[in-house]
Amino acid sequence: MLTMNKDRLNNLLVPIFSIFLGLIFGALLMLAFGFNPITAYNAMISGVFGSPYFLGEALRAATILTFTGLGFSIAFKAGFFNIGVAGQLLVGWTASIWVALAFPDLPRLMLVTMSIAAAIFAGAVWAGVAGALRAYFGTSEVIVTIMLNYTALHLTNYLILNVLGTGNTTERVSENANLSIGWLTELTAGSRLNVGIFIAMVVVFLYWIFMTKTTAGFEVRAVGLNPHASTYAGMSATKNIILSMLISGGLAGLGGAIHGLGTFGNLFTQSGLPTAGFNGIAVALLGLGNPIGIFFSSILFGVLEIGAGFLPNGAGVPDEMASIVTAAIIFFVGANYIIRFFMNKLNNKKTQAVQEGE
Amino acid sequence: MVQSEKVIEMIGITKKFGEFKANDNIHLDVKKGEIHALLGENGAGKSTLMNMLSGLLTPTSGQIRVNGQDVSISSPNVANDLGIGMVHQHFMLVEKFSVTENIVLGKEEHRFGFMDKDTANKQVQELSDRYGLSVDPKKLVENITVGMQQRVEILKTLYRGADILIFDEPTGVLTPQEIQELMSIMRKLVSEGKSIILITHKLDEIKQVADRCTVIRRGKSIDTVNVRETSQQELADMMVGRSVSFTVDKKPAEPKEAVLKVENLTVKESRGYDAVKNVSFEVKAGEVLGIAGVDGNGQSQLISAITGLMKSASGKITLNGKNITNKKPRMITESGLGHIPEDRHKFGLVLPMTLEENIALQTYYQKPFSNHGFLNYKEIKSYAKKLIEEFDVRTPSEVHSASSLSGGNQQKAIIAREIARDPDFLIAAQPTRGLDVGAIEYIHKRLVEQRDKGRAVLLMSYELDEIMNVSDRIAVMYDGRIIAVVDAKETTEQELGLLMAGVDKNRASAETVTAE
Chain A
1 MLTMNKDRLN
11 NLLVPIFSIF
21 LGLIFGALLM
31 LAFGFNPITA
41 YNAMISGVFG
51 SPYFLGEALR
61 AATILTFTGL
71 GFSIAFKAGF
81 FNIGVAGQLL
91 VGWTASIWVA
101 LAFPDLPRLM
111 LVTMSIAAAI
121 FAGAVWAGVA
131 GALRAYFGTS
141 EVIVTIMLNY
151 TALHLTNYLI
161 LNVLGTGNTT
171 ERVSENANLS
181 IGWLTELTAG
191 SRLNVGIFIA
201 MVVVFLYWIF
211 MTKTTAGFEV
221 RAVGLNPHAS
231 TYAGMSATKN
241 IILSMLISGG
251 LAGLGGAIHG
261 LGTFGNLFTQ
271 SGLPTAGFNG
281 IAVALLGLGN
291 PIGIFFSSIL
301 FGVLEIGAGF
311 LPNGAGVPDE
321 MASIVTAAII
331 FFVGANYIIR
341 FFMNKLNNKK
351 TQAVQEGE
Chain B
1 MVQSEKVIEM
11 IGITKKFGEF
21 KANDNIHLDV
31 KKGEIHALLG
41 ENGAGKSTLM
51 NMLSGLLTPT
61 SGQIRVNGQD
71 VSISSPNVAN
81 DLGIGMVHQH
91 FMLVEKFSVT
101 ENIVLGKEEH
111 RFGFMDKDTA
121 NKQVQELSDR
131 YGLSVDPKKL
141 VENITVGMQQ
151 RVEILKTLYR
161 GADILIFDEP
171 TGVLTPQEIQ
181 ELMSIMRKLV
191 SEGKSIILIT
201 HKLDEIKQVA
211 DRCTVIRRGK
221 SIDTVNVRET
231 SQQELADMMV
241 GRSVSFTVDK
251 KPAEPKEAVL
261 KVENLTVKES
271 RGYDAVKNVS
281 FEVKAGEVLG
291 IAGVDGNGQS
301 QLISAITGLM
311 KSASGKITLN
321 GKNITNKKPR
331 MITESGLGHI
341 PEDRHKFGLV
351 LPMTLEENIA
361 LQTYYQKPFS
371 NHGFLNYKEI
381 KSYAKKLIEE
391 FDVRTPSEVH
401 SASSLSGGNQ
411 QKAIIAREIA
421 RDPDFLIAAQ
431 PTRGLDVGAI
441 EYIHKRLVEQ
451 RDKGRAVLLM
461 SYELDEIMNV
471 SDRIAVMYDG
481 RIIAVVDAKE
491 TTEQELGLLM
501 AGVDKNRASA
511 ETVTAE
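Read top to bottom, the protein sequences are chains A and B. Going by UniProt numbering, the first residue of the first sequence is number 1, and it counts up by one from there. Going by UniProt numbering, the first residue of the second sequence is number 1, and it counts up by one from there.
Keep in mind the hints are simulated off the structure, nothing from the lab. Predicted model only: the values in this text are computed from it and were never measured. Hints may be right or wrong, so weigh each one.
[Unchecked claim] Straight-line distance between alpha carbons at most 25 Å, and here's what the computed BS3-like set of lysine-lysine pairs gives:
| id | chain 1 | residue 1 | chain 2 | residue 2 |
| --- | --- | --- | --- | --- |
| 1 | A | Lys213 | B | Lys378 |
| 2 | B | Lys250 | A | Lys213 |
| 3 | B | Lys489 | B | Lys250 |
| 4 | B | Lys386 | A | Lys213 |
Isolated chain A, as found in the complex (with noise of 0.2 Å):
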């Protein structure tokens, strides 16, 4: 689970240990078609890390996981599921990309904080919804949040093509919202890596001074772990329900108006929702909700996604073998809890027997 745990080495272990699984899986996989594995794992790494723009692209695309993957931890850590990290992020990136249109005139750092004032503010509300409905009726936040998924999702299109765009996209954004800078794209041979690396890293840091130094953070902790004594000790269960989740949409909105003016600079309509959203949740089971092992688990996954596109060239691996073992890690690292169980099992007679000891 993303608590506190007892064993460190333990927690560092298992999601070592799903990566390598996912890995090995990937790797049976593509021995099974009749692809060299060690060829295509090669490929990967060499393809990312021996180019500085691809490097700066798998750092891009961790960027906007450390959000998403930061957003999710903090719902999970007050106790609950938040699976609407994508449609958050996507009516993030809406607003942000609204607002930067709106007004392309402002100065710079005006209109980008401006821009990403509204995505904060429009992944909030998003998630504050699930989060209102489920502290004062009991609604179910997963049931809610995959309903508001959809909802981004279609409301988005919609203003694209009827308010905001000509056709399936809108304009870009001017160079005033533009979030990219000049000595970090000239270091990356030209990607996309922008400003919100750096947003994403102070945010680490703020995550993790909110959760263990503040008195809300502790609240947010406690409720989550055990809301029965929480109440108990005076806390309001309400209040850090939608807390928890103002702050986990703010976070997946933020997410969406970096990838919206970074990456992009536009909106466009999407068939589906940003992968980034749901990669996100893998993400933060990854890093086991400890903010510094988000950061680095985003830059794995980052990693795969960028390599991944290394392997028909490189290796000779389809396109759709490349997605299924990207899918098989994600799998191996989102079954953190069977690899967790089985090796509970494994010391668990030892425990149950202090337990009875003392």
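Dock chain B against chain A, hints included.
Chain B only, in chain A's frame:
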């Protein structure tokens, strides 16, 4: 009466978990047709030993013999086949199933794949009659009393052919009268040739019903004694390893003004029925008011309403002159309430959090533990250390999780937290449940100490001894009402027992007098 044939022999049993020896060279033998008590404090190793007999654990070394044969009890099924059955402390029953369905569960009589209920009902009825258990096979478990549910558990083991029955702390949830019934059932079982192992830490029960008693302390078997030749004091001293006192030393109470006033309080359960019905009482500064009653007669809901964890439907609660009816828990706490909750795992602690965080659970937002929304862990730590020291909470450190502590130490941590806030009104609900004699002695002392400091104490307990020992006045709850308030010095166990069963006060007093 007692034949010399040994049905169970456990010889030199050692069970290690890593380096820790939960059982260290334990010897236990049970003769056919006897009631053999297994006495020990919590954590002494009784459960570990019995788990090896019921196949949940296997010994590291040592030998188990059943009916003279060497056996290796590798799984609960093996134990079952050997005729060993366990009557669990926490009933393992399906509420929505009938008595018969619960008993045959897993061993259903069937004809061509269809359950044969008539045959099953008949079998259960026969067994019940034979051992004088008087259960109604067709009733749903949720509609029968706790005492009857326990008899269903007994029937379950008999139905599976058990000859050796292990009773794990069987009297915790029963009224005194139900305990008497259970005792006579146990006697009936042994007279029919069954053998019984009775796990308990209640000495009077052992004196009443057991033939022999094996005492276990810190994983070692201390001695096996004939119960008739051993006094309760001797048994207690053997169990604890030092001389213990049973009665709480206390001066007469000097009650002053009322700190808590409850007037015409009614509390509705979530399912809509009235759990507390028009209850009124006061708790005065400098006294302990005990609330006695069988589990499930509205005591928990009464306390939840006072502490703000449940809404009251009507009535008024006043604490220190402030109206706290349906106020938020934090406001009530700040008005001077300390609360040792009935369920320490559900309400008392956030188990995965550290001990220091748990000690600051209600005060984290106040100075000096935090400043402008930021926690001051240095202050929290030194406060926690102080309390751990002062209240003798045994823990490796203040940053260990609350879940790593033993039950007694968890309870001490809660008591430390609640008492250290120096509340005018302290509620202690089941404060010693599952704790051993040493810890109970300690907790009772602390409660009386609060009283002597002029605080008002409300003690809710299902244990009559505890209520009678610690309280100054006793309110008995039955079916959501307080049916009598008696003076602790003047009442008797029988009178309370009758009141708890719903007999009205005049009759209860009269019956007690004739009984004497």
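Verification of the hints:
1. A:Lys213 with B:Lys378: holds (12 Å)
2. B:Lys250 with A:Lys213: violated (45 Å)
3. B:Lys489 with B:Lys250: The given pair, whose Cα atoms are some 12 Å apart, holds under the 25 Å limit.
4. B:Lys386 with A:Lys213: holds (22 Å)
When each numbered hint is compared with the structure, a violation occurs for hint 2 only.
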